[in-house]
Every structure is written in C-alpha cells, then in structure tokens.
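Counting from 1 along the sequence shown, just add 234 to a position and that's the residue number in the numbering used here.
Quick caveat, the hints were computed from the structure, so don't treat them as lab data. Take the hints with a grain of salt, since some may be wrong.
Listed next, the in silico DSSO-like pairs over lysine-lysine satisfying Cα-Cα at most 30 Å (straight line) [what the hints assert, rightly or not]: (1) 431 / 445; (2) 471 / 431; (3) 296 / 541.
Per label pair, the in silico range of CB-to-CB distance [to be verified]: (4) 305 / 448: 54 to 64 Å; (5) 528 / 276: 27 to 37 Å; (6) 250 / 499: 15 to 25 Å.
All C-beta atoms, glycine included, are put in the ideal place defined by N, C-alpha and C.
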Amino acid sequence: LQQSAMEWRQTFNAIDFPVLIVDLEGHIKRLNQAAEEIAGGDAEEIRGRNIAELENTQPWKKTSELIKAIQANGGSSSAEVKDEITGKTWAITLYLIHEFGSVGERAILIAQDITKRTELEASLRQGEMMSLLGSLVAGVAHEVRNPLFGISSILDAFETRFSDRTEYLRYTDVLRDEVGRLTVLMEELLEYGKPFKGDFYTVSVDDVIAKSLRSCLPAAEVAQVSLVNNVKDQLPKLMVDRRRLSKVFVNLIENAIQHSPSGATVSVEACEVHEAQQRWIDCSVKDCGSGILDEDYPKIFEPFFSKRRGGTGLGLAIAERIMGEHGGKLIAGNNAEGGACMTARFPVPHEEEIVDG
C-alpha cells in the first residue's frame, strides 16, 4: 500500500502543469509540484489554505469563480483567462470527483499554460487577415483613391463658386469632414497593406519618442490632454526603420489621447529589460481612460476592431504589424491605477548587427 501511495505521488508530481484537489469551499487538499511552483510555496504550507488566499494572479483568481459555478451547477466548469501581470494565458478546468476516504465533494483543478498556443493562433489569424487585406488594398488604391480625389476637387470648386452662399456651409462642412474621414481610412488601409522593405539603421529610441510626442501635440491640445515624456535613462540604440518606428509611437500616443478624458495625462516611459536570454527595450504609452476589458484582449490588434465611435480600428493593427517586422511585439495591458498601457518591446541588437545611418 505504501509502495502504491509513493508511486501515486511520484506520478502526480511528474505532471508538468498545476493540478490541485480542492473542496467546494475552495480549500486546497492536495497539489502537485508544478502547482507549488506557481503558487510560490511548498505543499505543507499551502495545503489547507483557501485558493482565494493565494497570489492575486491567474490562474487562482479565475479558479475561485469556477468553484462557485460548480457549487451552483455541478459537473465541470472551464475557462481561458489572460493574466495581465505575467502576460500568460491559462486554460483552467474543474471536475467534480469522489475521492475514496474523503468527506464531502471535491474537485480536481487543472491549469495549463497555453500562452504559446494562443500566440500562434493569433499569429495565424493575423496572417490570414493580411492575405485578405492584400487583395483589398490593391482594389482600394485604384477604386477609391481616384474617386475620392475627384469628390474633394469638386467640393473645392463648389466652395469657391458659392463662397457667398452661407446657407450651403452646413452641407459643405459635413461633406468635408466625411471626405477627410474616408481619406484617413484609405491611407491607413494602404499603410497596413504596404509590403515590408525595411531600411534598418541605428536609431536612438528616446529621440524618436520625443519627435513623436511633438507630432501629437496638436491633437493633444484639441483634446485638452497633457503629454509627458518620462524617458530619462540612456537607452541602447535600436536597429529599426525610423519612419516605421515613428508610426508605431504616433499611433500609440494618438490612441491614448483619444481614450483619455479632458484634463488627463498621457505619459511615455522606456526602460531596458532582460527576458529569455535577450535584452529588450520596453516603451510604454499610458493613458487615463477606462482601460481594456478582458473580452477585448483577443481582438484588440485585429484590423477594424474599435470601441471608439468614428475610429477606423487600424491604428493598433498597424503598430502591431510594424512591431512584428522588427522582431518585437506590442503588449496590451492596464495600469494598476487605471487606464490602458500599450508596451512596444524591441530587441536590442548585438554589436555585429549595428549599421550606422
């Protein structure tokens, strides 16, 4: 019997993802070694505690909700959730079990880190969307640009011819706004579908951020939003396409302005980080808006996804695509004090990769 128990424990601990057995009040009865590592303690210390007492991160936060669902409905309950703090995505499943010799109902909790899978799925979706947009953009260039230019020219002529007819102004002003909106949409579609060529040279990221902030000042003044440059450290230089890099920062700053209330502040920060034996530069744009909803995370970088009235839904999609072209990534999250935080993460080049220009 002791031999069987030892073999069971060894098998339980050999599972490389967290597995726990809990009662329906959330108290932890058993856990394997992978669960100990995620929870940040040893089995003796954790056993008997309520799962809600563990760190305020995933997968533990969501698990408490799933236990309540099992209490109400029985059977099993599952969910996928992204941890804003670690950036990991977890697939969590709870099953009711009847453990021999135990009192009361219990549930087995399985938590699997599916971050790589979800990132791959997102990348595949992005590739499919890019393929479709390639054809769309080619048509837009020929079918929309010329008629739009014609409409704008006719509107110019109309305003010149009837400049003394003030009763027409309310119509021409609306037409001018709509033509402008369509022009922005067309330009962003063309930018998104543009083939990547990449003129890579050594660039000072703090210089590009400063210039991008200056470019966004007029929009910030109209929205009555303050722009703050908190980049103070002397950062390593990056190998990037300067024009494309500027587009990333301008898009992120403009997006932050659009989602911040009047009187708020949009700040930009940058620092060097080390992850997976690689040096990175993290450039974060923080706003004071309502933040990002959990259900919006999977769609936030998809083309045409926008929660803002009148938005094209292409600004973040363009920024995310450019980050991919540079071997980096765009990370969406929320600030602890409220508002959204968009972080552009760039790889720091090795010395042999540096090209001055």
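Verification of the supplied hints:
Between residue 431 and residue 445 the CA atoms are separated by roughly 23 Å; this keeps the pair inside 30 Å, and the hint holds. Using a Cα cut-off of 30 Å, the hinted pair residue 471 and residue 431 holds, with the two alpha carbons roughly 21 Å apart. Restraint check for residue 296 and residue 541: the C-alpha separation of about 25 Å stays at or below 30 Å, so the hint holds. The hinted range of 54 to 64 Å is satisfied by residue 305 and residue 448, whose Cβ atoms lie roughly 56 Å apart.
Range check, residue 528 to residue 276: about 32 Å between beta-carbon atoms, so the 27 to 37 Å window is met. For the pair residue 250 and residue 499, the beta carbons lie near 44 Å from each other, so the given range of 15 to 25 Å is not met.
Violated hints amount to a single one, hint 6; each of the other numbered hints is respected by the structure.
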